[in-house]
Each structure stands twice: as structure tokens, then as C-alpha cells.
Amino acid sequence: MIEGPKQYLSSRPDGPYAFCAASELDAYNATEWLFEYAKDAVETHGASWHDFGDAQGILSSYVIKHEDDETGEIQEQELQAADITLRGVAILNAAANGHEVEELFAAWRSDLYDEANAPG
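Here the sequence shown stands for residues 85 to 204, numbered as in this note's numbering.
Simulated from the structure, these hints should not be mistaken for laboratory data. Even glycine gets a Cβ: it sits at the ideal position worked out from N, Cα and C. A hint or two may mislead.
Derived DEER-like restraints, expressed as beta-carbon distance ranges [what the hints assert, rightly or not]:
#1 117 - 137: 17 to 25 Å
#2 156 - 199: 37 to 45 Å
#3 149 - 203: 37 to 45 Å
#4 196 - 156: 36 to 44 Å
#5 152 - 187: 37 to 45 Å
#6 129 - 203: 42 to 50 Å
#7 182 - 153: 40 to 48 Å
#8 153 - 117: 23 to 31 Å
#9 130 - 184: 19 to 27 Å
#10 164 - 190: 24 to 32 Å
#11 200 - 147: 29 to 37 Å
#12 162 - 195: 23 to 31 Å
All chains, full assembly: derive it from the sequences and hints.
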């Protein structure tokens, strides 16, 4: 995951989202958020899923910014595949290729639930 000295800030006006923790749940949430962000571009702004090309196209459509603790300088950074895990990449690739992805998200949620409720 992308790590930095301070909270990450959205480079877009529609709201901040922090990509700073490495857990599977965080990767799921980041993937779902990116999917919804891209879906909004398709449904509201006239984009096509094929415009994104693949998962990296979706990842690069959302540039994040962070403020350096030492310098106070705002730096931009694109998300990478490692920020959302291989499972997240597979889901975003499917979306970019025009496939329905709700079942993939549902399976991931189920696995997260099973993991959280596993004994011991």
C-alpha cells in the first residue's frame, strides 16, 4: 500500500479517500471505491469502461496527494496494483472489460467475513 507521512488527500473535488493501510479489508474497500469512482465516470460523465483499458487505467484515473511532514510540500502519486492486491486488480480488469463484477465483490466480501469469523 502507499504509505506516507500524512493522510492522503483527494486530488478530485468529490471527496478524500485514504489509501494507507495494507490489510485485505482496506484493499477491498479501496477496490470497491475505485470501481464506484470509475462507474460514476461511465454513467454520469459519458466515459466507457473500455476507455480505462485495464485495472491500471482505473488506478491512474484517481491521483492522490499527500503533504510531506518535513517540507509541507504537496506531492501527487498514482495508485499501483499493489495498493489493491491481485484480487482487486482482477476485479478492476473485469470491470474495464465490461463484465459485471458484483459477484466478484460478493465472493471477496464472503471470504473476508469467513476470515473474520474463523475460530482462533
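Verification of the hints:
no.: 1; hint: 117 - 137: 17 to 25 Å; verdict: holds, 19 Å
no.: 2; hint: 156 - 199: 37 to 45 Å; verdict: holds, 40 Å
no.: 3; hint: 149 - 203: 37 to 45 Å; verdict: holds, 42 Å
no.: 4; hint: 196 - 156: 36 to 44 Å; verdict: holds, 37 Å
no.: 5; hint: 152 - 187: 37 to 45 Å; verdict: holds, 41 Å
no.: 6; hint: 129 - 203: 42 to 50 Å; verdict: holds, 47 Å
no.: 7; hint: 182 - 153: 40 to 48 Å; verdict: holds, 42 Å
no.: 8; hint: 153 - 117: 23 to 31 Å; verdict: holds, 25 Å
no.: 9; hint: 130 - 184: 19 to 27 Å; verdict: holds, 20 Å
no.: 10; hint: 164 - 190: 24 to 32 Å; verdict: holds, 25 Å
no.: 11; hint: 200 - 147: 29 to 37 Å; verdict: holds, 32 Å
no.: 12; hint: 162 - 195: 23 to 31 Å; verdict: holds, 27 Å
Violation of the numbered hints given earlier is absent; every hint is satisfied by the structure.
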